[in-house]
Structure formats: C-alpha cells, structure tokens
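**Student:** As a plain string of letters, each chain reads:
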Amino acid sequence: MRQRTASDEDLPLVDRALAGDTQAFEDLVRRHECRVFRTAVGLTGNNEDAEEALQDTFLNVYQHLGEFRRDSRFTTWLTRIAINAALQKIRRRKGNVSLDDPEVAEAEFMPRRVESWRENPERLYAAEETRRLVEEAILSLPPAYRVVFVLRDVAEMDTVEAAEVLGLTVAALKSRLLRARLMVREALAARFAERPVLKSRLVQAGMMVKQAVAAGLSRFPRQNGEE
Amino acid sequence: MFDCRQVLAELSNYVDDEVTLELRHAIEEHLARCGRCSVVYDTTRRTLKIVSGSLPPGAPLAVSERLHVRLRQLFAGGA
Chain G
1 MRQRTASDED LPLVDRALAG DTQAFEDLVR RHECRVFRTA VGLTGNNEDA EEALQDTFLN
61 VYQHLGEFRR DSRFTTWLTR IAINAALQKI RRRKGNVSLD DPEVAEAEFM PRRVESWREN
121 PERLYAAEET RRLVEEAILS LPPAYRVVFV LRDVAEMDTV EAAEVLGLTV AALKSRLLRA
181 RLMVREALAA RFAERPVLKS RLVQAGMMVK QAVAAGLSRF PRQNGEE
Chain R
1 MFDCRQVLAE LSNYVDDEVT LELRHAIEEH LARCGRCSVV YDTTRRTLKI VSGSLPPGAP
61 LAVSERLHVR LRQLFAGGA
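Sequence lines, in order, name chains G and R. Residue numbering for the first sequence follows the numbering used here, starting at 1 and increasing by one per position. Residue numbering for the second sequence follows the numbering used here, starting at 1 and increasing by one per position.
These are computed hints drawn from the structure, not numbers from a lab. The model shown is predicted, which means the values in this text are computed figures rather than measured ones. Ideal Cβ positions, reconstructed from N, Cα and C, are used throughout, including at glycine. A hint or two may mislead.
One side only, chain R facing chain G, incomplete, derived with CB under 8 Å [to be verified]:
id, residue
1, LEU23
2, HIS25
3, VAL40
4, ARG46
5, ILE50
6, SER52
7, SER54
8, VAL63
9, LEU67
10, ARG70
As a list, the in silico EDC-like pairs of lysine to aspartate or glutamate whose alpha-carbon atoms are at most 16 Å apart [said to hold, decoys possible]:
id, chain 1, residue 1, chain 2, residue 2
11, R, LYS49, G, GLU156
12, G, LYS94, G, GLU136
13, R, LYS49, G, GLU119
14, R, LYS49, R, ASP16
15, R, LYS49, G, GLU135
Sequences are here, hints too, so could you generate the full structure?
**Tutor:** Here is the structure:
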C-alpha cells in the first residue's frame with residue numbers, strides 16, 4: 001500500500017493541521033464530512049445519531065491526528081473512526097454490536113421473491129417514505145454485513161479500501177457484499193414488486209374470461225348440430 | 001454453460017462491472033434464457049440505484065454548520 005499512501009491527496013492538509021493550522025483541519029473536514037455523514041446514516045438509520053457520530057468522528061480525528069500512521073490512506077483511518085463512532089450510537093440503543101461474521105445461513109440470502117418490479121417503484125412512495133424503507137432494509141442486515149453494504153453502496157468506497165478499513169480480504173468483502181445486497185433486495189422486494197393483490201385479480205379476471213369463452217364455445221357445436 | 005448458482009455467485013461482480021469479458025458472456029448467455037436470474041439481476045441493480053438515490057447525498061447544511069461551530073469551540077480550547 002506504500003504507493004497509494006504516497007499519492008494520498010489528504011496528506012498536505014494533514015501536515016498543515018498537525019502544524020497547528022486550524023483552517024487546514026476545517027478544509028479536511030469539509031472534504032470528507034459528506035461521506036462520513038452518509039456512512040453514519042447508513043449504519044445508524046437516522047439523522048440524529050448520524051449527526052452525533054459525525055461530530056464525535058471529527059473531534060476524535062482532531063484529538064488523535066498525531067496518531068495517524070501513514071501506512072494507510074487518511075480516508076481509511078478516518079472511516080474506521082467513523083464506523084466506531086456510529087457503532088457507539090447503535091450500542092447505546094441496542095446493546096452490544098459485533099462486526100464479526102455471524103455466519104449467515106444460505107437460506108437467509110438466497111433470493112425468494114423473484115417477481116419483477118414495477119417501473120420506478122420508488123415513485124409510488126413519498127421521498128421520505130422511500131428513504132425510511134431503504135433505511136429499514138439496511139438496518140435489517142446483521143452489522144457485519146451492514147457495514148460492508150454501507151461502505152460500498154452508500155459511501156461508495158472502492159472494494160480494496162473497504163476491505164482494508166474492515167481488515168478483510170477482498171474475497172471476504174465481496175462475499176459479504178453479495179449477501180448483503182441480496183438481503184437488501186429481498187427486503188425491498190416486499191414493497192416494490194408487482195402487487196400480489198393486483199396479480200391475483202388479474203389471474204381471477206383471466207379465469208373468468210376463459211370460462212366465458214369456454215361457455216361461448218360450448219354453444220357453437222350445439223348450434224352447429226342443430227343446423 | 002453457467003447454471004443459476006454460478007451466476008448468483010458472480011452477480012455482485014457483474015453489477016459492479018468487475019468480471020472478465022469471458023465471464024460476462026457466460027453470465028449474459030444465462031440471463032437471456034433464465035427468467036428467474038434475470039429478475040434477480042434486474043432488481044438487484046435497481047435496489048442499489050434506489051438506495052443511492054434515496055439517502056441524503058451528504059450532511060445537511062445545518063448539520064455541517066453545527067459541526068464547524070463545535071470544531072471552532074475545540075480550537076479555541078473549549079469542549
């Protein structure tokens with residue numbers, strides 16, 4: 001990772017911040033606060049906890065900047081702190097939360113709902129409602145999977161760096177990401193698939209047409225026979 | 001020829017466009033003839049789009065302002 005560290009575009013700001021330049025530190029914060037906030041929203045599922053996690057993250061970064069060893073990118077180090085800050089908020093509400101792989105059984109992520117979705121299903125709901133559905137789907141993941149999904153698909157971090165943040169191999173990260181994506185898909189499918197009610201009504205209507213046609217057709221031979 | 005299980009194993013990589021050309025052809029050949037996998041692929045792709053589009057793109061302005069007020073208090077030697 002030496003090469004990537006050498007091209008870490010945050011290092012000049014880190015150096016200036018360490019030398020006491022608070023404006024440089026604020027620039028560093030502005031550069032990364034959106035991604036940290038999005039990560040925290042994804043992990044905690046609400047703005048209030050995410051805001052606290054955001055503040056805790058950068059207060060921590062400011063106080064411990066001297067401990068940042070340049071054997072990883074600044075963002076890798078920052079993201080680890082952000083994840084810990086968000087986990088603390090979750091623990092406050094839900095007790096202990098572990099990022100160890102809970103060994104999700106295959107049945108937990110194998111696709112079950114395979115009906116197609118409507119066109120732009122998210123437009124059926126108000127934006128806040130879609131957001132709530134998405135947050136609930138992400139929150140339903142075991143934390144070890146949620147964190148992988150959030151880094152890759154919410155914070156849009158690349159696979160190699162996400163694996164480094166979590167201390168996983170790229171293969172392990174990819175395997176968890178696949179399962180996480182399938183589980184989120186499954187959770188959303190319940191709301192975004194073609195309505196089962198509508199479908200059964202269509203089937204019903206189809207049966208009625210078939211019966212009507214069959215009844216109509218059955219008259220023909222008789223009529224023919226009469227002639 | 002790829003079966004459903006092999007396609008599912010590569011689904012994430014395929015969505016991320018991180019597969020070789022050969023693998024891509026094998027997956028697409030399967031998707032063209034398997035309705036089930038083709039729905040799973042399509043809805044997974046759309047899941048990621050919906051997730052990305054429905055969460056806030058970043059910290060709201062007020063959240064960012066409160067953060068920077070807090071930082072300046074810290075710089076000034078406060079809490």
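**Student:** It remains to establish, for every hint, whether it holds in the given structure.
**Tutor:** Structure-based check of each hint:
{"no.": "1", "hint": "LEU23", "in the structure": "violated, 14 Å"}
{"no.": "2", "hint": "HIS25", "in the structure": "violated, 20 Å"}
{"no.": "3", "hint": "VAL40", "in the structure": "holds, 5 Å"}
{"no.": "4", "hint": "ARG46", "in the structure": "holds, 6 Å"}
{"no.": "5", "hint": "ILE50", "in the structure": "holds, 5 Å"}
{"no.": "6", "hint": "SER52", "in the structure": "holds, 7 Å"}
{"no.": "7", "hint": "SER54", "in the structure": "holds, 5 Å"}
{"no.": "8", "hint": "VAL63", "in the structure": "holds, 5 Å"}
{"no.": "9", "hint": "LEU67", "in the structure": "holds, 6 Å"}
{"no.": "10", "hint": "ARG70", "in the structure": "holds, 6 Å"}
{"no.": "11", "hint": "R:LYS49 - G:GLU156", "in the structure": "holds, 12 Å"}
{"no.": "12", "hint": "G:LYS94 - G:GLU136", "in the structure": "holds, 15 Å"}
{"no.": "13", "hint": "R:LYS49 - G:GLU119", "in the structure": "holds, 13 Å"}
{"no.": "14", "hint": "R:LYS49 - R:ASP16", "in the structure": "holds, 12 Å"}
{"no.": "15", "hint": "R:LYS49 - G:GLU135", "in the structure": "holds, 14 Å"}
Hint compliance for this structure: hints 1 and 2 are broken, all remaining hints hold.
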